[in-house]
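S.K.: One letter stands for each residue in the lines below.
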Amino acid sequence: MYHSFEVDGVDHPVWLSASQDGYRLHLGDQVIAPVGFAHHSNSSGILTIAGESEPVRFVIDRDMIHVHIRGRTRTFRYRDPLQTLASVSQEASSLVARAPMPGVVVTTTVSPGQSVTAGMALMMIESMKLETIIRAPQDGVVDRIHFKEGESFERDAPLVTLSKEGR
Amino acid sequence: MHTLPFDTVLVANRGEIAARIIKTLRKLGLRSAVVYHEVDAHTPAVSMADTAIEISGRSPIAAYLDTAQLIAVAHKARAGALHPGYGFLSENAEFARAVRKAGITFIGPAPETIELMGDKIRARKFVQCSGFPVAPSAVDEDDPEEFVVRARAIGAPLLVKPSGGGGGKGMRIVRNLDSLEDAIEQARREGQRYFGDSRVYVERYIEKPRHIEVQVLGDSFGNVVHLFERECSVQRRFQKIIEETPSPALSPQLRKRICETAVGIARAANYQNAGTVEFIFGAGEFYFLEMNARLQVEHPVTEMVTGVDLVAEQVYAAAGRALGFSQSDIAANGHAIEIRLYAEAPERGYAPTTGKVLLLEYPDGVRIDSGILQGQQITTAFDPMLAKIIAHAPTRIESALKAHRAIREMILLGCETNASFLARILADEAFLGGEIHTGYLEEHPQMAADNFAFGLSAFLASAALLTRPVRESADAVPPLHAALGRWRN
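Residue numbers (UniProt numbering), protein chains in the order written: chain A, 1 to 167; chain B, 1 to 489.
Since no wrong hints were added, every one of them can be taken at face value.
Which residues of chain B face chain A? A partial, calculated answer using Cβ under 8 Å:
1) T354
2) L358
3) L359
4) I407
5) A419
6) S420
7) G455
8) A461
9) A463
10) A464
11) L466
12) P469
13) A474
Derived from the structure by calculation, the hints contain no laboratory data.
From the three backbone atoms N, C-alpha and C, an ideal C-beta is built for every residue, glycine too.
Chain B on its own, in the form it takes in the complex (with noise of 0.2 Å):
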């Protein structure tokens, strides 16, 4: 039995984190219920739930992003406490601050924290004012020209970004200073456009560098732990791929640094809830990248090593208890890695595919965090992502093996995934050898290519078997006449 301020939680949230969260709650003794816009009618998070409300919207996307209509619903279903997931309006200041205003705990840092990380440029700011490291970089003030005469004096290469951006949106490598401009310009426009924020700044771009981020736990009682770390280089246009623990990038020594320093950021930032601080890595430093404050897709591989349940953890502190346990009660245990699969085909340059699920089958000995039913239609309305399944082992290979074996095992027909592109990563003699960093898969093309011919034939024989016309037309002729020669009309 919970002693909890609460006894049912909305999950304003959609795909397999809403179901991910369901599972928790249901594990608590917390009633669960979420919202779901038409579309999803047929989806994991609303077979599950104690109830299921449906909201509408202009589109899809924009019914998961309605403050009221989700606020109404919290009343509704008489829930005391709402999670935001991921994405949406998790790391939306003004919706924290209107939820906790409508009398619901928001399972989430203070609107405070959500502000001043969601800014990355006030974050950046603090985080060097508070004596944490960040890479040398120009912030985009009142004079564009100056601007860049400060961006050109960092030196190439460099990274321009969205001040409001995350996921990778509108950033751009300047390698050659000539294209600098017109790369601000595109930032700019791209900002603007997706985050209504045409603020940019620009960083040192770091060469090969590898994405390394830290997820902490704060209470309202100011303790603040660390979970070790998670890796997440392999990534296509910015966006992860492939997460694990612990990063085979880190000596014991530099993993206990960038531990240190996250918890000194988070302290620093009187953080309470769960939150993931990312560094760059590179050459033996780290700098901050920016902090999330909300919980990350890639959890799952942290709760693998730890067996630590980070929803249940996000539940208390936003109900507002200590912290069960200190930094030294932590233990990371043998290695998992996360593998997402996608509604996309990586050899048509990821572009999104779409599709009904005909047959769908997971493997066994792997957590899976599905997003997707047998029968779902899969539509560009969302994220492209389907599940993601979680490897976990006592070493680096045998989990990546675990990994490989179970999405060549997985069933999905219906629907063009990502599946053998992941296959293909997890055999990569560079990605087994640890040998990655952000720009892995570009510097690897033949990654995202299929060899089609390979194995061709059998797709056929099983095509034309399978096709009763074709069947029929071989049946038609007597075996003793088609051993004549090859018929021909």
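With the rest of the complex left out, here is chain A (with noise of 0.2 Å):
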């Protein structure tokens, strides 16, 4: 079993073991070694990696790991193996819009109980003074509407749950 770090969406399964100097670095089939990370500060640290040194500064905030190298910047979610297996079966049954970009809710366009078809409007969000609308992603029954008009959200906030069936 992989562990797995998730950055838009997608996730990048990796696996680290241990060699005699230092580790080995498991990227699907690709293998990396050695690999290691020395720290100099409790946000700085060089990292070695084939051969080569990159300075690295991060930021660990509970499953979020911030890293930035030669002045880009990447976000990971660490994911729990086992945690990943239960998200899946859970999402099976249900489904969600989620929030493409942080915004505020103009209007919602369904109520709770309401078939909807795929594609059909459910919400109109603003953001930036953009108006984006949100659609089903596939057939289904409005479940839960999670903010009202007028409240803001944060990116990938669920908006709308619907269920395959009605309850």
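Take each chain as given, in its own frame, and dock them per the hints.
M.R.: Shown next as structure tokens:
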């Protein structure tokens, strides 16, 4: 079983194994060795990877790892292998329309219990003066509307949950 | 010691501009007071000001737009003057009037000037009647059908704009005249929604136009000078991202002409205080676009090359002092580039981003006008601009290199920003060659795209090595076993 780091909804399976001169990094079928990390402070250190040294700045905030290397920044969510399996089975019975960006709810065009078809408008959101229509990802019944009109939400927040069957 | 008619100035703004204004007030020996909504309690301006007074409203933005509350706060802080910054109420003539009526000096031009320049249609007519160039256009008057006919007569391509607008909101380019009516309707709707004004105007759209503006300063004695131009052609959705001075597009003759035109317009308007005359420049010709009756976001590049503190000049002009220098005293030295750090993701259509600033470190050797502190929460309550980095060097290339180094050295973790996008532009051949225009980013869509795979293994290696459970599962297997082969469970 691999560990997984998620970025922008894409999982990157990773495995680390010990070797005599540090660690080996397994990325899919690719193996990079040796890799190592020397901490300089609680937010900086030097990564050694296949003979190269990279100064790294980082912050670990619960399951989020923010990393800065050479002017670029990436944020990874560490996904516990067991939790990953659990959430896959849970998501199968319901569908969630998530926020593509942070913003505010302008209007909601459906109500709980209503049947919707794929592509139907569920909600209009506004973000930085741009209006975006949130549409049903597939056929279903509106189970829950997570935010009222005028309420604000973060990116990836669930906006409308649909169930395949009515309750 | 100052000899100004007021000793305390209320800054009716937030973010980087509030902090920047406070710096000058301090330099001038003035006391600074700043207003803040509770979401801004932990920001640079609040910690820098001599007094910070909380304001409230239905939304954070509404608090900063509440004239009555701001004036009450000014009295409470015993402020003799008020600086509106940019945005919010800075170009609201009614606000300027209300401030004056309350016996407080408004640091900005006269309300009548704000009114004139705030109405794009009136401003254009004024400039045209004063004998200065404007682009061929049609103005929306009483008869909407006749307006469409006149707009059509200018010929494609056209630019449709809401009259009450600014910041590029509601603007549309029409290349095919069949879609003109739809574009006008859309601009009307957006104008009504954002500015409470459904009037629009249509003008000739100049292909590959450059946005060049001229900084002017006027006093109450009729003196007007310019502080050269700024080029702000690198824009996304009509919003500026990178600004510089001097413009790489102007010959010395054109520079002289455009700067003198700006002074002429300001003089005709009896302009007092700092202002900016914006022009559109293409094929060797320039046309008046609009005049901004306030301090601009990009004013620091002008300050870097001229050595003039524009906020100090605004304070002096508002206090009724005569300009302390004449045109011949102003010289531009070197080249300055400003880059705007935004909380947004260029690779996702410039969608705004949010988060808590967990680590913030600015580079040395450049000017930083920052509106954020480590620990601050970035929300979508306000404009996404977080900070500005301004690089000054003898030449354009050196200044771009300096800005490039600075943006790569800057560390901001916890909220996604456009930093690597800015770095890509600063290293782009077309940008470095000065081949920019307002459609530059649409013409080079690859600039907004991030090559995610590049360097990914170093990021994943760091993430893996910094995550305890990942390291623990590696350490659980002795190296001897591990050496035998890839471990599977």
